[in-house]
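Participant: Could you put the whole structure together from the sequences, leaning on the hints where they help?
Residue numbers (the working numbering), protein chains in the order written: chain Z, 5 to 491; chain H, 684 to 1155; chain A, -2 to 95.
Derived from the structure by calculation, the hints contain no laboratory data. From a predicted model like this one, the values you see are computed outputs, not experimental measurements. Every residue gets a Cβ at the ideal spot worked out from N, C-alpha and C, and that includes glycine. Accuracy of the hints is not assured; some may be wrong.
Stated by the list, open to error - Below, computed lysine to aspartate or glutamate pairings styled on EDC-like, alpha-carbon distance capped at 20 Å: (1) Z:K471 with Z:D358; (2) H:K1046 with A:E7; (3) Z:K152 with A:E84; (4) H:K698 with H:E921; (5) H:K1046 with Z:E274; (6) H:K1058 with A:D42; (7) Z:K152 with H:E1014.
Unchecked claim - To give an idea of the interface, some chain Z residues facing chain H are shown, with a C-beta separation under 10 Å as derived from the structure: (8) F28; (9) S54; (10) Y90; (11) K95; (12) K152; (13) I156.
Said to hold, decoys possible - Ranges between beta-carbon positions, derived for each pair: (14) Z:E296 with H:F929: 53 to 61 Å; (15) A:E71 with Z:R312: 47 to 55 Å; (16) Z:I227 with H:E1012: 37 to 45 Å.
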Amino acid sequence: MSSEKIIIGLEIHVQLTSLKTKLFCNCSSNYRDMPPNTNVCPICLGLPGSLPVVNKEAVKKALLVALALNMKISNRVSWARKHYFYPDLPKNYQITQYEGKGVASIAREGYLEYYVDGNLKKARIRRINLEEDPGKIIYHTGSMLTSKYSLIDYNRSGVALLEIVTEPDFSSPKEVIAFLQELRSVLEYLEVADFNLEGSMRVDVNISIEGGSRVEVKNIGSISEIEAAILYEVARQRSLREKGIKIEMETRHWDQERKATVGTRTKETEEDYRYFPDPNLPPVEIEMDYLEGIAKEMPELPNAKRERLIKEYGLSSYLSYVITSNKKLAEYFEEVMKYTKIDGEKAAALIVNDLVGWIGQERIKDIGKLVPPAEMANLLELLRKGDISIKIAKETIPELVSGRKTTEVLLSRGWLGRISGKELDEIVERVMRENEKAVEDALRNPKAIQFLIGKVMEVTNKKADPKETYELIVKKIGELQKRTWSN
Amino acid sequence: MKKRGKVVSFIEDLKNGATDPYAYVERALEEASRKDPVLNIFITMKSEVPDKLVNGKLAGVPIAVKDNIVTKGLRTTCASRILENFVPQYSATIVKILEREGAVIIGKTNMDEFAMGALGTTSAFGPTLNPINTKLSPGGSSSGSAAAVASGVVDLALGSDTGGSIRLPAAWTGIFGLKPTYGAVSRFGLISYADSMDQIGPMSSNASDLAYLFSIISSFDPLDPTSSHNPWGNRIEEIASKEPDFDLLRKLKLKIPRELLNHPQAEEYVIEEFWRKISTLEKEGAQVEEISEPILLKVPQVYYVIAFSEASSNLARFDGVRYGSRIAELEDNDWDSYYMMNRSLFGWEVKRRIMLGAFILSKGYYEMYYSLALKARAVIKRKIESHLKDGSLIATPGSLISPLPINYDATDLSKLNAIDAPLMIANLGGFPALTVPTGSVSGTPTSMQFVGPSWSEDKLLSLAKVMEEMFT
Amino acid sequence: MSTKERLVNEELIERLSWLSRIKLSVEERERLSKEIVMILGYIDDILSLDVGNEEITHLSEGRLREDSPIYEIEMGRELLGQAILEEGYVKGPKVFKG
Ligand SMILES: [Zn+2]
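Facilitator: Structure follows, in C-alpha cells:
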C-alpha cells in the first residue's frame, strides 16, 4: 500500500429537527411517516406567487451552534439563491447562505476539539450556513440507474438544514468518525437535532490523496457508511494513480447498495450556480443583546462536562468520555449521584456497562423513564453500605429495566443483606468440606477455585461478596497446601 | 360639480337600499361580453353572476384582476403558454382580501407575458387593443386591466408594476393608476417577475375609487417577507369620500427633472401640454422647480440589469413537473432535456430576458453589470430621496410619447428609454408613483406622473382628487 | 467587429441556453445573438456611471417569523393538481443520463 497522505474535508448537513416548522413556511418539520406530498404548501412546493418568510428559531439554533463551535458570527443574517435544476428542488434554486456577493454565511472560522484514541485533535470549521432541504426522490425500480422516471415526495422540501463545512483537516476515516461523533454530541447537547431520526445527518466528503484532485462524494447517510465510502474512494484513487490515470476533480455519489462511489456526470460547476442575494429576503441584523441572550442560554457542552465530571465525581477520563458523549446519559448520571454517596467511578461503571448494556444505545434517550434515577441510586446506595454485593447489584439491574423496584427485587429474591466475615468464613469451611473433590482440583489448579466460589454464591443466595469469598478460599487452600507439605 | 367615486357611491346606495346589489356586476359582465371580443381584455372571463354576494366594503363591486395574480380555482396564465392551463389551488393574499370584502372578480386580464413588455403585445393570447383607438397599444404590461377600466367594463382593476406596468397603460388609456410604496400591498400570490421591484396596485376610472380600493388592499401580510405596516390609519379611506382639498395646491412643491423633459424622443405636444398643466398648478399656488439629474436617463439600463437577473432566477421554477404545460415526453427524457423542451414554451421576450439574466449573473459579469447596477440603484435612490425630503413631489408627463401602434416593432431602444425612464425611478427606489389623466389632445389622452417619498400615498391620492376636479 | 460581437459567439449562446434550460431553434439562436449585442450595447451605458460602494439589494427591512403555524394556508396534495401523480408521488423525469 502506498503511503501518500490522505486529505479529507467534510460538508455536513444537519436537519434542525427540534424546530416545529420548516425554514420558510408553516409546514411541519417532522415529515417522517407522512403519506407522500401531504406535508406541503405553496411555499415549499415553490408554487408561482409564493414567498418565503424566515423561521426565527432556525436562526437562533444556528447562532447557538456558531457559538458552540467558537465561530465568528456575521452581524446580519442574509440569504442567497443557488441555481441548479433538479426535480427535487421545487424552485430550481435553493435558498441558502453564501460567502461573498454582498451576502455572508451566518458564521465562519471556528473549530471543534475532539479525541482520537485519547489524543486531543482540533478540526477547523470554515463556515456554517442555513439552507432549505430539497424533496426526496425515490425510484420505482429501486435504482437511479434503471428507473425511466423519478417519483418525488416534497414533504421534506423546505426543512431547515444547517450546513457545516470543515477545513480539510482530517487524514483518516478514524479521525472523521471521531469528529462526527463529537459534533453529534455537541448538536445533541444544544438540542438542535435528534440523530435517532433517519436522514437527520447527511455528509458529503471531499477526498484527495496528496498531489491529486479533490473528489466530492455526496450524500452519505450515516456515520457507519462514511468509513466504507472513504476507504472505497481512497482505494479507487490510488488504483487510478498506480495505473497512471489522472484523478479528475468530480462529484461522485455514494451508492449504499453497491458500497461504491459512482460518477454523477453532472455538468454543474460552482460557477454555474450563479449565487446572488435573494431579493425576497432582506438581511436581518443580529443584535448584540440577542446574541448575548443566546450565549446565556448555552448549555454546558460535552468537553466542559467531561472535565467537570472528572473533577467533581472522580471519574476516569474514559468513563467520563463515555458518559458525556450522550447528553441524556450524562444528565442521568448526575441525577443519580444526587441521591447516593457511592464512589462516582463505581456508579458510572454500573451505569455504562450494565444499565446501558441492558437498555441498549437507542433507548438511552428514555433512560430516566425506564429506570428512575432514584431507583438506580437506591441500588447503588445499598451497594455502598455493603447491604448487597456487587453481583446482586449487577443482577438487579435487568429487573429494574423491566420496570420493577429495587427493594421489591431484593426482597422477593431474598437478596437483601450481605454475608461476610465470620459468617462467610463458616460457610466457606462447610462448602470446602462438602466438596472435597473440588478442593483437591483447586490444590492442583487455581482456576478450579471458580467452582467453589459458585457453590458459596449458591449457598449464600449471592449475598456474599465474590471478592471476599475468593480471598477466603485462596487463604484456606493455601493453609491446606502448607499442611500437606508439613505432613 | 364635484366628482364622486362610482364604487364609493354604489356602496353608499347599497347601504341605503337604493340599488340592486347585483346591478353593478350584471352591468359589468354585460359590458365585458360586448367589449372583450373587440379589445381582447380578458384571458379568462366569468360569465355568471355569483349566487351569493359577500357583505363588505366592496360588496357587489366588479373588479378585473391581472392574470399574474393567483386565484384559487380560476385559471391564472401570466399570459404564457407555459401556464396556459394552470388553475391555482390557492389564492393571493390580495384576492382573499377582495373576496372577504365582497368584490366580484369578473375576469383575469390580459398582459405582457410574465409582465415583461411595455405594449401588451408579448401576451401568448394576443394583444389587448386600446379602447380609445384600436390601432394603438393600451400600454403594458397591465394592458387588459387598463382596457377593462378605460372601456367602462369596470371601475376598478388590479395591475402590477415592476417598471411602469400600471402607470404606462393608465397614461395611454386615460385612467388613474397607482404604483404603491414597495411593501404597501402584499405580493404573496403575485407571480414574480423581479421581486425587489414588483408591486400590485390599483387602477381606476376615478380618483376616489382609486383611493378607496387602495385603502382596502394596503395592509400588512405575514406571508410576504417584504410587507410593511402602513402609517395611514383611516386617512386613505377618508380621502376617497372627502371633498378634494384644494389647499393642498398652496403647499405643493413640484420638481421637474430637466433631462426627462428634454428627452430626444419626447413628443413636443406632450411637453407643451405638460407645461400648460404645470403653469395652471402654479397659478393655484404650487411651487415649481426644475432639477437636473443626468443619471435619470440611465435608470432603464440599471433597471434592466436588475430585472433580467431576478427574472432569470424567478422563472427557473417553470419546468413542467409540478405544474404548467409540458410538451416533452416524460419517460423519453432525462431531467435536463425534459426541462429544456418544456421551457421552450416561454415566449421570445421572456426567453431573452431569462437568458440575459443568466448571462449577467454568470462569472465575470456579475461584478461588471449586476453589482454595478446595485450600486447605481443606491445612487439613484439617494438622489431622488434628497429631492423629496423637503416634501416635494417629482412631476413628469405620464408618458413622454403617444401610445404606440399595436404592431410596433420594439427594436428602437431610444423610444423604449423615453417610455421607461420616467416610470422606473419609482421601482428602483421603492417610491409610490401616481399617474393621473389630464384630458386629451386631439383624441390622445394626456397625463401626469407624480413620484413621492415612500409612504406618501395619502398626499398623492389627495392630489389625484384635486387634479381630477381641475382637469377632467 | 465590436467587442460585444466577438463575445457573443455560438459558445455563449449554447451556454446561456444550457444555464437557462431553454432549448433554442436555429433561428432563435441567430436572433438571440443579434439581440444580445443590441441590448448589451444599451445596457453598457451604465458602465461609465460614477457610483459609490453601497449596493441596494432590498428596499425593506428583513423580518423573521415565529416557529409556529401563525397563518392559515392551503396545504396538501390538492396543490399538485396539475402534476402527474403516482401513488401520491409526483412523477418527474429520470435523474440519470445514459
Ligand atoms: Zn410548506
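Participant: Run every hint past the structure and note whether it holds.
Facilitator: The hints, checked one at a time:
no.	hint	verdict
1	Z:K471 with Z:D358	holds, 19 Å
2	H:K1046 with A:E7	holds, 18 Å
3	Z:K152 with A:E84	holds, 16 Å
4	H:K698 with H:E921	holds, 17 Å
5	H:K1046 with Z:E274	holds, 10 Å
6	H:K1058 with A:D42	holds, 14 Å
7	Z:K152 with H:E1014	holds, 5 Å
8	F28	holds, 9 Å
9	S54	holds, 7 Å
10	Y90	holds, 7 Å
11	K95	holds, 5 Å
12	K152	holds, 5 Å
13	I156	holds, 7 Å
14	Z:E296 with H:F929: 53 to 61 Å	holds, 56 Å
15	A:E71 with Z:R312: 47 to 55 Å	holds, 51 Å
16	Z:I227 with H:E1012: 37 to 45 Å	holds, 42 Å
In the structure shown, no violation is registered for any of the earlier numbered hints.
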